[in-house]
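Chains as they are written, first to last, in our numbering: chain C, 951 to 1060; chain X, 42 to 155.
In silico SDA-like pairs for lysine to any residue, Cα to Cα no more than 25 Å straight-line:
(1) C:Lys952 / X:Ser98
(2) C:Lys1047 / X:Pro110
(3) C:Lys1047 / X:Val136
(4) C:Lys1047 / X:Ser98
To be clear, the hints were calculated from the coordinates, so they are not data collected in a lab.
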Amino acid sequence: RKEVEQDPGPFNVPEGATVAFNCTYSNSASQSFFWYRQDCRKEPKLLMSVYSSGNEDGRFTAQLNRASQYISLLIRDSKLSDSATYLCVVVHTGGFKTIFGAGTRLFVKA
Amino acid sequence: SQTIHQWPATLVQPVGSPLSLECTVEGTSNPNLYWYRQAAGRGLQLLFYSVGIGQISSEVPQNLSASRPQDRQFILSSKKLLLSDSGFYLCAWSVRGLVTGELFFGEGSRLTVL
Chain C
951 RKEVEQDPGP FNVPEGATVA FNCTYSNSAS QSFFWYRQDC RKEPKLLMSV
1001 YSSGNEDGRF TAQLNRASQY ISLLIRDSKL SDSATYLCVV VHTGGFKTIF
1051 GAGTRLFVKA
Chain X
42 SQTIHQWPAT LVQPVGSPLS LECTVEGTSN PNLYWYRQAA GRGLQLLFYS
92 VGIGQISSEV PQNLSASRPQ DRQFILSSKK LLLSDSGFYL CAWSVRGLVT
142 GELFFGEGSR LTVL
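So here's chain C without its partners, still in its complex pose:
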C-alpha cells in the first residue's frame, strides 16, 4: 500500500466549476500536510498548507481530518490556469521525510 494515495484523475471540468480532490495517508505519525502544484515538465511548487482547522486561500480551501487520515483540496470558480497536477504531501514527525502522492491531474476547459 502506498503511503500517500490520490485519485490520479484526470478531472476534466469547465471554467467556473468547483472541483474537489482527496488524499489519504497511512502513517498516523505524520505531522505536516501540504498541497503542491506541478505544471507539465516543471518542478512542484507549494500551493498551500493543510490544517485541521481548515485553510483558505482565495479560491482554494484545504482541509485535514486526522481521525480519518484524509486530506482534501477544493477549488472554486476554476480557471484555465488551474490546469495542472495537484500533489498531496505528507511530512513525517521530525520534519524532514517528505512523501508525495502520485498526483491528481486537472484540466479546466473553456
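Fit chain X to the known structure of chain C by using the hints.
Positioned in the frame of chain C, the structure of chain X alone reads:
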C-alpha cells in the same frame, strides 16, 4: 533570498555509463536536502535525504548513491546507469528544525538513458 541550483538540466546517457547530478543551495545554512525522481506520468519518489554533511538516508534500494560533501551541496551518482533510471530528477531543500517541512525545488534534471 535562498536559491537552489541544479545541473545539468538535460542529459542523454547510454546504458552502463556513469552519472553525476549536482545541486547547490545558496542563502541558507544547514538545510535538509533531498533527491526525488519522477518517472514519466508518475509521482515523485523520494530517493535520498540528508540532514547534515555526510549524513545520507536512502529510501529505495537501487544503483544510485548520494553524497553531501559540503553543507549546501548534494550530489546524485551512479556507476552504471540502467534504462529504468530514466526520469526527471529533482533536488530540494527545506529548513532544518522547522516543523512545517515546506520543500523548495530546483528546476530538475531530465535524464534519458538509451
